[in-house]
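Chains A and P supply the protein sequences, listed in that same order.
Per the numbering used here, the very first residue in the first sequence carries number 1; after that it's consecutive.
Per the numbering used here, the very first residue in the second sequence carries number 1; after that it's consecutive.
Be careful, since some hints might not be right.
[As the list claims (entries may be wrong)] Now the stretches of chain A that chain P is said to cover, found in silico as 3 or more residues with beta-carbon under 8 angstroms:
| # | region |
| --- | --- |
| 1 | 25–37 |
| 2 | 109–123 |
[Said to hold, decoys possible] Computed list of chain P residues with no C-beta within reach of chain A, every gap over 12 angstroms:
| # | residue |
| --- | --- |
| 3 | R198 |
| 4 | T237 |
| 5 | S254 |
| 6 | T255 |
| 7 | P329 |
| 8 | F398 |
Source of the hints: derived by calculation from the structure; they are not laboratory data.
Keep in mind that this is a model prediction, so the values were computed, not measured.
Built from N, CA and C at the ideal position, the CB exists for glycine as well.
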Amino acid sequence: MQPDAHDLFPESFEGLIGQVRTRLLPVLWSKWGVDVGSDICSEVEEHAWNHIAELMEMSNPMGYLYRVSQSKARRYSRWLKRNTFPGHLADVGFEDREIEESLRELASLTANQRVCVLLVHGFGWSYADVAELLDIKQTAVNNHVNRGLARLRLAVTNQNSPIVGFEPS
Amino acid sequence: MNEIPQPDVALQRKLRRAAAHLQRQGTQYREKKLLQGDVPIATMKLPHRVAFWLGLIVISSGAFGISVLARSDNPTESRTPVRLASDDALIVDEESVVQENGNQTGEASNDGDGVDLGQTDRSPNESNAVDVGLGQSDRILNGENRFDAIPVLGEPTSFPELTTPTTSIPDEFGRVGPVISEIAVPAIVKAGSSLTFRWRAADPDLVSATGVRVGWASGIFSSCGFGELGTLESGTTRDGEWSYTCWIPSNAVSTFYSVSIWASDMLGHSSDISYTTFVVEGGNDDTSAPLYTNVSVENTVSPGGIVVINWTLADPSGIEGAVMWVAGPTGFYNLTSEKSYANYATLVITRDCNAAGDTCELTQSVQIDPTSPAGVYTLWVSATDKLGNKVLEPSIQFDVTN
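In isolation and in its complexed conformation, chain A is listed as follows (with noise of 0.2 angstroms):
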C-alpha cells in the first residue's frame, strides 16, 4: 500500500520523519535489504534529527534524506563487510519457498533495477512518486523497471535454479 502523504503532517518534523519510515524506508530494504537498510534508515533519521532546520526548508527533503543514505551505505559495502539484499536468507527460506525464491531472483537485478521494480510492482508506488524520491527521470524509472522485469522473466524460467531443484513454478 502506498502511503498517504496528506495524513502525515509533513509540515512537521515529526512528519518528516513519518515519511522516512514510510517512503524511505522501503526503498532501503529493496535496495539494501531488510537489516542494512533499517539500520541505514536509523542513521538517516539521526541525520535529520541532527538538521531539523535545514530540512524544513528544503523543497524535496526526501530525496536530499535519500542522497544522505546512500552516503551511509558505504561503510556497509565496504570489504563485503555485511550481506545486504535480501539479508538472511535462511531466515526467509523456510517461511516461504516462493518469496525466497523471489528475494533471490530479485537479489541478481542490479540495485537500482531492484528498487524500481519492487517499488512499482511490490509496494505499488506511482513512476512519479519513484522518479521524485530518487530524483531521476520517469523514463529512467521506466527503464529500470522494463529491464528489471525482463531479468525477472529469465530467472522464472531457468530450469536450473538452485533452490527448486525440481521443476520451477
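Starting from the known structure of chain A, fit chain P onto it as the hints suggest.
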C-alpha cells in the same frame, strides 16, 4: 516515454508478496533494534523518549535489587517462581509469567553467581513478560544477543518456532501496535472458490500496512497469502476497514486453516493476532508433508569446503521443492562473521525421481563458508509437496574439521 512494462500476473503476485515480506521482516528487525537501543532515541516521539529512559532507569535499578535478593542460601527459596518484590516497579507475579503452549516460562534460580532467569533454552516466542521485562533488560544494557531470533542449537526438540519470530514489547516503553478487531472469516469454504477476509485496524499513528497470513498444521497457504497486504475498504489509515480476497484452489488441502491478521503502524509498532480458523472442504486429503529418509553426508568437510548431502523424499502428491539448511553453533547465522554458515550462492541440488514422481533421491552440494568454525553442524531438512505441505526439522549432524 517508452511503453510502460506490465509484468504477468504470476510475477506481479510474487513481487507483491516479496514486498510484503520485506515490510514485515523489516518491521520486526527495527523492533528488535529499538529494544536494544540502536534506533536513535532522538527520533522517538517525546513521550516515547521519556518512557524509554524511565524504563531503562527502572530496569537498571530493579536488576540491582534482584541480584541482591536472589543471593539466597536457600535454593528452594530462590527457585520459587516468581515474586521478587524488591521494588514495586519490578514485581513479577504469577499472572505476568505467561504460560504459552504449556512451556515453563520464567523462574529465577540462584547459581551462586547471580540471577539466572531461566531463558537459556527458551525461544524468542516464549515468555513474554519475564523475557522482555527482565531478561531483555540485561541485553539492552550490555548490548549482547544482537539477533535473538537466531536459535541456539542443543536440543532439537526444544528448537524454537522459526517461521515468524516475534518480539513482545513491554508496556512501559509506550509502544503499542495497531488495534485489530472485527475480524470476519467464513467458517467453511469450498475448495475452488474465493475467500474474503475483513477486519478493522486502528492506530493513532496511522496504519502503514496490514494483511493476513493463512496456514495449516504442516503448511502455508501460498496461494492464499503469507503476509499478504490488505486493501483499505472504508475509513482511513487511522481507523479503517480492510479486506483481502484470495482464491482457494480446487486441490487445496481439506483441513483446518489458521488465520493470522497482522498490522504495523508508521512508527514501526506492529501487532499480530491469531484469531480464528476456517475449514476447507472438497479439496485434497493429503495433509502430510514429504517424508525424508536416508540422510547422509558423503564427505568430510573443512571450512570453505563443499559438503555433499544425499537424502530421499517421498510424498504421494509429488515433491515440489527441497533444500537442506546448515545450522552451526548459533543457528543458521554466524553471529561472529555476520554470514550464514553455508554459502548458499554455491548451492546445487540434483534429483532422481521415479516415474510417478512421488519418490526422489536428492543430492545437494553447498560450500561451508570459509568464516565458519570447526565443530558439529546440523542439517535442517526443508521440503514441500505439490500441495504446500511442508516439513522443516533437524535431521542429522556432521562434523566440520580444520
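Against the structure, the hints:
With a cut-off of 8 angstroms between beta carbons, the region 25–37 of chain A has 7 residues touching chain P; three or more are needed, and the interface restraint holds. Using a Cβ-Cβ cut-off of 8 angstroms, 5 residues of the region 109–123 of chain A lie near chain P, which meets the minimum of three, so the contact claim holds. Distance check on R198 of chain P: its Cβ is at least 16 angstroms (rounded) from any Cβ of chain A, clearing the 12 angstroms threshold; non-interface status holds. Not every CB of chain A lies more than 12 angstroms from the CB of T237 of chain P, the least distance being 6 angstroms, so the non-interface label is violated.
For S254 of chain P, the requirement that its beta carbon stay farther than 12 angstroms from each beta carbon of chain A is met, with the minimum near 21 angstroms. Distance to chain A confirms T255 of chain P as a non-interface residue, since its nearest Cβ pair spans about 18 angstroms, more than 12 angstroms. With a cut of 12 angstroms on Cβ distances, P329 of chain P stays outside the contact zone with chain A, its closest approach being about 14 angstroms. At the 12 angstroms boundary, the C-beta of F398 of chain P stays outside the reach of chain A, the nearest C-beta of that chain being 17 angstroms off.
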